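A.B. asks: One-letter residues, chain by chain:
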Amino acid sequence: DVKVTQSSRYLVKRTGEKVFLECVQDMDHENMFWYRQDPGLGLRLIYFSYDVKMKEKGDIPEGYSVSREKKERFSLILESASTNQTSMYLCASSGPWGETQYFGPGTRLLVL
Amino acid sequence: AQSVTQPDIHITVSEGASLELRCNYSYGATPYLFWYVQSPGQGLQLLLKYFSGDTLVQGIKGFEAEFKRSQSSFNLRKPSVHWSDAAEYFCAVGGLGATNKLIFGTGTLLAVQP
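If you read the sequences in order, they're chains A and B.
Under the numbering used here, the first residue of the first sequence is numbered 1, with each subsequent residue one higher.
Under the numbering used here, the first residue of the second sequence is numbered 113, with each subsequent residue one higher.
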């Protein structure tokens, strides 16, 4: 069965902290994605990666960076967390040719 | 511009009633269309998808959707709603390619009355 896991379901951090969100998929997928979800705004793409060590900016990359050192793992980094980054963060993965994206359970991040 | 519109932010139906959730898209190439469902506090689960072929597609949990190219629509339907269908529903459009980004609508929140 397809599985995407995220390191934390809930996270509380202080303004200015460096935050790491981890995502692991077990499907040998080439593509991995990070979204944030806010009420009334749907899902917005932060970054995606189509191969190890490759990354591309999505629609809202400001304040975020990513790392993909291994095919199965895609990390989202908040270099200096701010209160406006309080949100639900969703990771997804997919195969290379337009197949379905499979989502993790999400991490709800609160920045105080 | 590529976009997905879900005009209904919130819908309430009675249990056992039929359901239709609307989705309209704007996409320059051949669209691949998806419906996802999100239960409270959970990630997104795929309900169904349309890539090509028969324009009426069947999904899980008794859902179906019909692709109408002339109307740029991909509406989701269910003949009889169950209380467990209460959730948020997202329509998404994407295209074939090595970097298959999806564009999501803003979601429709479904409430089911007993």
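A portion of the hints provided could be inaccurate.
Some but not every residue of chain B turned toward chain A, in silico, with C-beta under 8 Å [unchecked claim]:
no.	residue
1	Arg134
2	Gly155
3	Leu156
4	Phe216
5	Gly217
Below are the DSSO-like pairs computed for lysine-lysine, each with C-alpha atoms no more than 30 Å apart in a straight line [to be verified]:
no.	chain 1	residue 1	chain 2	residue 2
6	B	Lys180	A	Lys18
7	A	Lys57	B	Lys173
8	B	Lys180	A	Lys55
9	B	Lys161	B	Lys180
10	B	Lys213	A	Lys3
11	A	Lys55	A	Lys18
12	A	Lys13	B	Lys161
13	B	Lys213	B	Lys161
None of these hints come from the bench; they were simulated from the model.
A quick note: this is a predicted structure, and the numbers were derived from the prediction, not measured.
Glycine residues also receive a C-beta, built at the ideal position from the N, C-alpha and C atoms.
A.B. asks: Hint by hint, say whether it matches the structure.
C.D. replies: Here is what the structure says about each hint:
Interface restraint check: Arg134 (chain B) against chain A, minimum CB-CB distance 15 Å, threshold 8 Å, status violated. With its C-beta approaching chain A no nearer than about 4 Å, Gly155 (chain B) sits inside the 8 Å limit, and its interface hint holds. With its C-beta approaching chain A no nearer than about 4 Å, Leu156 (chain B) sits inside the 8 Å limit, and its interface hint holds. The closest approach between the C-beta of Phe216 (chain B) and any C-beta of chain A is roughly 4 Å, which is under the 8 Å cut-off, so the hint is satisfied.
Among the interface hints, the one on Gly217 (chain B) holds; its C-beta lies about 6 Å from the nearest C-beta in chain A, closer than the 8 Å criterion. Of the supplied pair hints, the one linking Lys180 (chain B) and Lys18 (chain A) is violated, its CA atoms being roughly 46 Å apart against a limit of 30 Å. Restraint check for Lys57 (chain A) and Lys173 (chain B): not satisfied, since their Cα atoms lie roughly 35 Å apart, outside the 30 Å limit. Only pairs whose Cα atoms come within 30 Å are accepted, and Lys180 (chain B) paired with Lys55 (chain A) is rejected, the gap being roughly 35 Å.
The suggested pairing of Lys161 (chain B) with Lys180 (chain B) holds, with an alpha-carbon distance near 14 Å, which does not exceed 30 Å. Proximity of Lys213 (chain B) to Lys3 (chain A) is assessed by CA-CA distance (about 19 Å); at most 30 Å being required, the pair is judged to hold. A hinted pair counts as satisfied when its Cα atoms are at most 30 Å apart, and Lys55 (chain A) with Lys18 (chain A) qualifies at roughly 20 Å. Distance hint between Lys13 (chain A) and Lys161 (chain B) is unfulfilled; the C-alpha atoms sit about 37 Å from each other, more than 30 Å.
With a C-alpha separation of about 15 Å, the suggested pair Lys213 (chain B) and Lys161 (chain B) falls inside the 30 Å cut-off, and the hint holds.
Consistency note: the structure conflicts with the earlier hints numbered 1, 6, 7, 8, 12.
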